[in-house]
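Peer 1: Listed here are the chains, written in short residue letters.
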Amino acid sequence: MIETRELRREFGGVRALDGVSVRIAPGERRAIIGPNGAGKTTFFNILTGELEPTSGQVLLAGEDVTGRPPHQLARRGIARMYQRNELFEPLRAIDNVALALGASLGPYRPFTAPPATTVSAAADLLDRVGLASRHDATARALSHGERRQLELALALAQRPRVLMLDEPTAGMSPAETAHIASLIASLERTLTIVIVEHDMDVVFRLADHITVLHEGRVLADGTPDAVRGDRTVNEVYLGKVVA
Amino acid sequence: MRRRVALAGAGLVAALALVTFPIWSSEWESSRYATTVLRDMLVLGILALSLDLLVGTTGLPSLGHAAFFGAGAYAAAIAAQRLANDNLLIGLLVAMVVAASLALVIGIFAVRAAGIFFLMLTLAFAQMVFALAFQAVDLTGGSNGFAGVQRPRLFGLDFSAPDALFELVAVTFVLVVLLLWRVRTSTYGRALVGIRENERRMRALGYDTTRLKLSAFVLAGAVAGIGGALSGWSLRFVSTNDVGIGRSVEAFVSVLIGGSGTLLGPAIGATVVLFIERVLSSSIPFAETVLGVLFIVFVTAARQGIVGLLATAYSRVRR
Amino acid sequence: MTPEVAVQQALNGISFGALLFILAAGLSLIFGMMDVVNLAHGAFYMLGAYVALAVVQRTGQFWLALIVAPLAVGALGLVLEPLLLRRLRGRHLDQVLLTIGLSLVIVDVIGLVAGREIRSLPFPAGLDRSVPVLGGDYPVYRLFVIGFGILLAALFSYVHRRSQLGALIRAGVDDAPMLAALGVDIDRVFAATFGVGAALAAIAGVVAAPVFGVFPGMDVDALIYSLIVVVVGGLGTLSGAMAGGMLVGPADTFGKVLFPQFALALIFAIVAFVLLLRPTGLLGRVRITR
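Chains as they are written, first to last, in the working numbering: chain A, 1 to 243; chain B, 1001 to 1319; chain C, 2001 to 2290.
Note that these hints are calculated values from the structure, not bench results.
Even for Gly, the Cβ is constructed at its ideal location relative to N, Cα and C.
It is possible that some hints are incorrect.
[Claimed, not checked] Simulated DEER-style distance windows between Cβ atoms:
1) C:2187 <-> A:72: 27 to 35 Å
2) A:121 <-> B:1156: 48 to 56 Å
3) C:2089 <-> B:1312: 18 to 26 Å
4) A:175 <-> C:2091: 35 to 43 Å
5) C:2265 <-> A:23: 48 to 56 Å
[Claimed, not checked] If you want the footprint, here are the derived chain C segments under chain B, 3+ residues with CB under 8 Å:
6) 2079-2092
7) 2100-2110
8) 2226-2240
9) 2267-2275
Build the full structure now, drawing on both the sequences and the hints.
Peer 2: Structure below.
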């Protein structure tokens, strides 16, 4: 589904990514892990089009999409959940989701209000992520956990082929974390999911396949058991966490 | 639902009162001074409303919007003269097309910037339009301006008389308000609001935000052009003042004082601004200073404008 | 165009460029440190010219005016920043709007106090003659402007690179919040910056006055030119103001002489061209367009 070839990205003199080649199959649950500064966010930003690689290629379902801007990638089925929420703060939750749904309808309708189908679809989506009683609350007024749920709803509203989750459980309580993890686990298998995470419990629960990044390179790439047992990975990263 | 009907009803009454103003005011207002001032308030109001589509709805602070207002004014006046045709619809069409085309040309560059940089670019480009109008003396009259603008006609209706022209301006104003109301509540308008609130997220959702911003810029320019045509017909005169930074600032001040991002705020602001510039200035010599100070006060202490103050007062009363 | 005329126009272009540099430097400084585009910059320029006018009328001393005007206008800026801008700290767009309001007030007050006729500042004694330059006579004053620009540029460069103040400025342009976190009194720095920026605008006003005159509306011209110069040259850097000035000055001068109808289109084309190729402006570090 997604393939990157020798992806490199430099910032000034710093090599954030130094030849990352990765292949993610359709329907796979891929976790990208690694210490801070390993290049995970850079990798993510390239896959979603917010950053251009210095060299290398990105292929989506066989099509070369290297360097394409975010809105074109979104149109091709990539949806993103940001690490730091990117919501429409003063709008109500339901309006947030309606806006996300509206993207596929085509926004050039200057005189017609959003159709009722959009509104009900937005409501359904909010219910699905666990915000059933919070439709009318503004994004600003939601709790941190609820904001993450809304963030997920926005991504799902795009009906994507690939869901990119950037630290979905960041800043959440154990209960909220468990909730979001279940939510993600319950998503359709037709959806390819790429998830960057620090919470190893969540990673090992959700991932089919793990890629470990370190200093801009792939350190290990395999099944959760393989990665758990990998000595280098343990020294560099997992060794600090209870395996 | 009842609230909606009540609001619609109130709106209808207000619109009717506005449009029939010359009739019910004729007793206490034989000199037509109030009618003239109100007419000019409505014209500035149209400009301010069109600007707020950019500033309030989309979050694009344009400080060069008068370029399109003036372009529309010149276009309508010059077309009537050159084509020897005073048809209202032709005049409006020419004004809109010229203004929109100019907005397209400027917008292609300006829209690629954001925030303060967008403000600077629109200011600079508009000033170039000003200088162009200044220099093209054969076409525009240069610093002397374009005098003797013919008022339009439409199938036998002649808008030369003050009252008739007022009707034209008032009806156009109401139509503009309706148009912008529809746009703001449409999926398109909501997308513009989305861009204002979080452009990054909009792009990630699949919206081509650059194209959307450009379309808003052109639409706002076209409406400003209509305002310009009305201005030329009202004053029977078009000058570089209509296209210069003073007019752009006037519009921006109107938007801010009235309430950016609201339906009628910009128009309310326009009435305040024009009152100060026209009525107050005949009594005191420092009217512009008053305007500047008022603007500063609003920017620092009442950022949401008059509408914002009213809304806050209303919600306090309801508690 | 004869060689003599060409030389004269070239010198005109360079002296105009020097003036633009002095004018734009203040704008660039305020933006670099405070992230505020001071739209009252033209008003400060105008105020400088009118203050100089008052001084010269009273004392006949141009050089005194050149000192008093920037001090007076700089003091005004020093007072206005804590009074008005500080409470909008962090709201950059609103600060810019505030400067619009300031500009309206300053310009109107000038008109009320000094009247709205076109005035001019007489050339200082000694600089009101012409000297032979490569075949033709050239006004000494314009050469003075070039020299003055070079002097200021050298002064700025020294301060920027060698002094503690310069280090403070360089750090502030890079990362003002960090500077505050390190314990520097950022309030004082910002107030001083605004004051210095205003003073620089005033100096430009005084220097330009004998050549360009003193009249209502001069604030708009100055503001537009300074914006064009910093956009082209790059925001926030002194070398940007220099580069912008040296590009726009001669381009404007030659444009007006060679094809007056299109001089403006030329400037427009330069702005558009530069922004398309280098969205940060020639030497700037802040992206203006995407």
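Peer 1: Please go over all the hints and tell whether each is borne out by the structure.
Peer 2: Against the structure, the hints come out as follows:
no.	hint	in the structure
1	C:2187 <-> A:72: 27 to 35 Å	46 Å, violated
2	A:121 <-> B:1156: 48 to 56 Å	52 Å, holds
3	C:2089 <-> B:1312: 18 to 26 Å	23 Å, holds
4	A:175 <-> C:2091: 35 to 43 Å	37 Å, holds
5	C:2265 <-> A:23: 48 to 56 Å	53 Å, holds
6	2079-2092	holds (count 4)
7	2100-2110	holds (count 9)
8	2226-2240	holds (count 3)
9	2267-2275	holds (count 5)
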